[in-house]
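Participant: Add chain C to chain F, keeping to what the hints say.
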Amino acid sequence: MRAPISTAIAIATGLLILLGAFLPIPVLLPIRQILLSWTIPVAATAGLIAILNLLSVHWRKLNSARERDYYSIFLLLAFAATFAAGLILGPTDPDFQKIVTHIQFPVEASLMGVLTVTLTYASIRLFQRKRGWLAVLFTASTILFLILLSGFLNISENIPFVKDFLAALNTLPIAGARGILLGIALGSITTGLRILIGADRPYSG
Amino acid sequence: MVDAIIALTLIAVTAGLILLLTIQRNILRSELRQLLAFERLRQAIGLAVENGTRIHITLGKAGLPASTSAAGLTGLTTLERIARVSSISDRPPLATSGDGTLALLSQDTLRAAYRQINQLELYDPSRGRLTGPTSFSYIAGALPVADSENVSTHLAIGNFGPEIALLMEAGEQQESFTLAATDSLSAQAALFTSSQETLIGEELFAIPAYLNSGPVYTASLQVQDILRWGVIVTIIAGSILKLLGIV
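So the protein lines, in turn, are chains F and C.
Residue numbers for the first sequence, in the UniProt record's numbering: 1 to 205.
Residue numbers for the second sequence, in the UniProt record's numbering: 1 to 247.
Keep in mind that the hints were calculated from the coordinates and are not lab data.
The beta carbon of each residue, even a glycine, is placed where N, CA and C say it ideally should be.
Which chain F residues stay away from chain C? Per the calculated CB distances, all over 12 Å, these:
#1 Ala85
#2 Ile99
#3 His102
#4 Thr171
If the Cβ cut is set under 10 Å, some of the chain C residues that face chain F in the computed set are:
#5 Leu19
#6 Ser69
#7 Ala112
#8 Gln196
Just chain F, same shape as in the assembly (with noise of 0.2 Å):
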């Protein structure tokens, strides 16, 4: 079997947590409480180690004789100043933040109008890429609620049967998004359940 200790701490920590989501038996909520509490030193020590990692990857890049990348200096330099200065300053220093946030969101703006445009062309070209009734759905529909959204036909509300008739449209998009919902939930129901009794594990021990 593979990693029987970690699959068993695994199983274990998953079922004490169920159960203290479920039944109010007191043993088992100061038990699920200092277990939940770990979760936020695990995943920041993870996020670390991670970060180190990807350091570690640029680095390689940047040494690298076969296939060097030399934009991987600007995200070392860029790491090795921003760690700098949350040293000296203090993460919580508003200057400090002031500076990452006024680097960090003109460039998430950037990104964003990038976003827009490439979805706009991408839009241009989906029967290229996708033929058959799934894209003609789509862009119906797409356009259907831009013009619906968009309160052009606000004027018609006045008419009894179009009210209905819009008011029937609208929450077409409401019942699709929620049966996609249930499914998702379906899903990750079983994905839950198969690491719960140790027939999926995402780790090797």
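Facilitator: Below, chain C without anything else, positioned relative to chain F:
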């Protein structure tokens, strides 16, 4: 208290069904319906192995503590399967993610896959990497993978925002095969236009079964179907009772 007992009973029955259908595979018809996306995925994996190009799997930004972590876990199972299948390729698969826990698990998954096929020398921790801790830095960090790592197949399996479309479009520019599956509704809409194949809704959780990852994944899919019918019957029965004024 009654609600809690009903919920726990349902969970226990579901877990029992998964185990039963895993052991007794012939109880239900286990044929998976043909889906073009999975056919093309199998072809793309085969081509990548033959051509010596890389498969890139991006696992999203929802780490283990998040409520949307199931999508990333499905991505990890897919990564393990692909790592095993492509072990004879010149270029092993690459996993990127936007969360520390997912990045560590992707490294662990790759190591476990290579250990199981006795090829631990193929394992390289830099093949499971965090590309950025925020939504946009994650995508910005993953974008160079599209044009600098000789990637022929991009798989986006996990929790994303609409910004994942940037990566899919970058893959498309390099004439790579792109397949995306996510639990986020806004990202599904963006991915429908930007990726070659998009899996909608719960199709995301069917990927391991379609890649023949093991009987437990097929059993899990069958249990999902049983649960879906249960939900459908409950909704219809509830509506009828409401119409009749009983509830």
